[in-house]
Amino acid sequence: MYFLGIDTRSETPHPDVWIIVPAFGEAAVIGDVIAGIRSVFASVVCVDDGSTDDTAAIARRAGAHVVRHPVNLGQGAAIQTGVEFARRQPGARLFATFDADGQHRVVDAQAMAERIKSGEAEIVLGSRFLDKRTKLSPAKRLVLRTAAVQSRLATGMDLTDAHNGLRALSPKVARGIHLTQNRMAHASELVHQIAEMKPKWVEQPVEIIYTDYSKGKGQSLLNSVNILADLLFR
Amino acid sequence: MRGGSNARHLAIRRIMLILFACVAGLSIFFPEVLTHIARFFGIGRGTDLVLYGLIVSFLVYMATTYQRFRHMETTMTKLSRRVALDEVNRRQSPAAAARAIAAGTAPSESGSNGTATG
Chain A
1 MYFLGIDTRS ETPHPDVWII VPAFGEAAVI GDVIAGIRSV FASVVCVDDG STDDTAAIAR
61 RAGAHVVRHP VNLGQGAAIQ TGVEFARRQP GARLFATFDA DGQHRVVDAQ AMAERIKSGE
121 AEIVLGSRFL DKRTKLSPAK RLVLRTAAVQ SRLATGMDLT DAHNGLRALS PKVARGIHLT
181 QNRMAHASEL VHQIAEMKPK WVEQPVEIIY TDYSKGKGQS LLNSVNILAD LLFR
Chain B
1001 MRGGSNARHL AIRRIMLILF ACVAGLSIFF PEVLTHIARF FGIGRGTDLV LYGLIVSFLV
1061 YMATTYQRFR HMETTMTKLS RRVALDEVNR RQSPAAAARA IAAGTAPSES GSNGTATG
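Chains as they are written, first to last, in the numbering used here: chain A, 1 to 234; chain B, 1001 to 1118.
Think of the hints as simulated: they come from the structure by calculation, not from any bench. No residue lacks a Cβ here, since even glycine has one placed at the ideal position from N, Cα and C. Some hints could be false.
[Claimed, not checked] Partner residues aside, some chain B positions facing chain A, computed with beta carbon under 8 Å:
| hint | residue |
| --- | --- |
| 1 | E1073 |
| 2 | T1075 |
| 3 | T1077 |
| 4 | R1081 |
| 5 | V1083 |
| 6 | L1085 |
Can you make the complete structure from the sequences, with help from the hints?
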């Protein structure tokens, strides 16, 4: 039976799969996002990156484990904290990163987790360019495509979408992640570290849902300059 | 290029600074000496030599300062992460947290995700 696009036929929501949700100031949507994830995955850790609103309390009420940074560090730091936390949990056999702003779909994360469980891949990376579902402005599409090309030149990994927050990781890959870029350059650093491990990797078509809320919070294209600078002067 | 945060680099930087201050001071009282040194390097004026030296010094300073900033940022991040994970342990079960600390398996152990070299 499908309800809101989520397969509710699975009995016990995969407790060995840990979903890592980095969040900063998402009190408006985090409750729904976590509830949606928990209908499929029982183990969710929300890393509250020093929010000044109710994000942590709402996430906890929605059933997530909450780890709170004492100060705002950045999404990269939040993901690293989440990965370290999840790896320490007994029985953790699979990890996924999932955005807190409602842009990702749980059914995509579910499909990605299945591909790791089946042994098809050691890491599954979401890509909004593998199908036509995601609607993007031409400027944003150009910037993201350029980022993917730059990523391929730097790492050798031929990704179609190098800046996608939806990823599924096997324990082996999760062990090799040590993010030092706290802010938005972490996505590129992550690809570098993954490429070095030479894992079995695949890309999964995912839909990114751009709402007015999430578009208001997203990165400005100008920030690409900062991302590039962070990587060149690491 | 290392971050210049160790004692040897600091001593060298200080020596260079004193040297620079001396040369700058002497150049006021003995302007011809500076011009001779400049000519040796193929530069027209003594003051130009000082200017070029200052530019190079400034660029080095910028690079070194950025490195030190990155080092401080990494330290602060590790500290914050440790605080965050300790809070979770304490909240979940103060007894379990105490046991974990006593057994040496508390989240602070660098073996869990060693970035000691990073």
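Any of the earlier hints contradicted here, and which numbers? When the structure is compared with the hints, only number 2 turns out to be violated.
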